[in-house]
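Protein chains in written order, with the working numbering: chain A, 1 to 168; chain B, 1 to 168.
Quick caveat, the hints were computed from the structure, so don't treat them as lab data. One should not assume that every hint holds.
Identical copies look the same in the list; a pair holds intra-copy or inter-copy alike.
[To be verified] Restricting the straight-line Cα-Cα distance to at most 30 Å, the calculated cross-link-like pairs of lysine-lysine (DSSO-like) are:
#, residue 1, residue 2
1, LYS60, LYS19
2, LYS154, LYS86
3, LYS9, LYS27
4, LYS31, LYS161
5, LYS3, LYS137
Number of protein chains: 2
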Amino acid sequence: MRKIELILKIIKERRSVRKYASKRPSKAQIKKILEAGRWAPSGLNNQPWRFKVVTDSLLKEELARLTVDFEIIISAPVLICVFLNKKDSYSHVKDLLAVGACIQNMLLSIQCQGLSGCWLGEILNKKEKVNAVLRLKKENELMAVIALGSSDEKICKSTRKPLKKLLI
Amino acid sequence: MRKIELILKIIKERRSVRKYASKRPSKAQIKKILEAGRWAPSGLNNQPWRFKVVTDSLLKEELARLTVDFEIIISAPVLICVFLNKKDSYSHVKDLLAVGACIQNMLLSIQCQGLSGCWLGEILNKKEKVNAVLRLKKENELMAVIALGSSDEKICKSTRKPLKKLLI
């Protein structure tokens, strides 16, 4: 398959998975995901992203209690918490765009390894408490939690607006 | 090559290109780039992104005058202007992250087609004027301009912080 067809397939087949098998992704697999995130583009190459990998059951449970996505977090054997480091920030809008690019790189690299993930955002409502649970400095602002594991659910369909409606 | 090794290679080899050959990417190539953007994930699947493709030389020149990236815009045969549609917005932070994911999908699909691009952000300082030049409604807020074409420059190296410094 040509590279462009392959990446379009990867992009389109990626789905949010909310229920995971108990098998934990290996350290090597997690490292490749972080590596993909690390190589995202950012304005002035400021790389404002930071990562906290959580696998400890008690910590996961404490985080799960902070969000409506409780079940997803409990089910996922790994969480990758993504932060914006304010000390590295140069433009709030551009930093957020860069972190979004970083997250997408990680989601695609999850998909490419036959693993599954879910980009969780509701927990941002309790971002200060997440920092307290993880004992992180205030300079790191929670942007997303990526639940990670092997899917234990059926593949769902997803839809997008037709391109015609997106062209202005 | 395994899928994960391939995507890591694509992610790491992508570079910002600032000088382009005159040959214009085909409509089919541009459509595949937009297709990649369209399938990005977003909170509540709200898909807040909008696209304006600019190829007209006079319009390009008007946009070029709004930024220090004048030369890049003049050189690029195609511009993909990316907007956040405020009517589709549900959370400013999550919308920006989603648009960042959308932009990264497009940059990767540019790379996969042997084309080159540059994510331009300085022009956001004149985002209202960009809307005026392109005659777009205020509900569309400029997020980025992607310069697009075939590279006419040597490949530069790039660097990233070591993973150790990103893990908190």
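Evaluation of the provided hints:
1. LYS60 - LYS19: within (15 Å within a copy, 48 Å between copies)
2. LYS154 - LYS86: neither (39 Å within a copy, 34 Å between copies)
3. LYS9 - LYS27: Classified as both: same-chain Cα gap 26 Å, cross-chain 20 Å, threshold 30 Å.
4. LYS31 - LYS161: between (34 Å within a copy, 14 Å between copies)
5. LYS3 - LYS137: This pair counts as neither: shortest intra-copy Cα distance 41 Å, inter-copy 36 Å.
In terms of the numbered hints stated before, the structure departs from hints 2 and 5, listed from lowest to highest.
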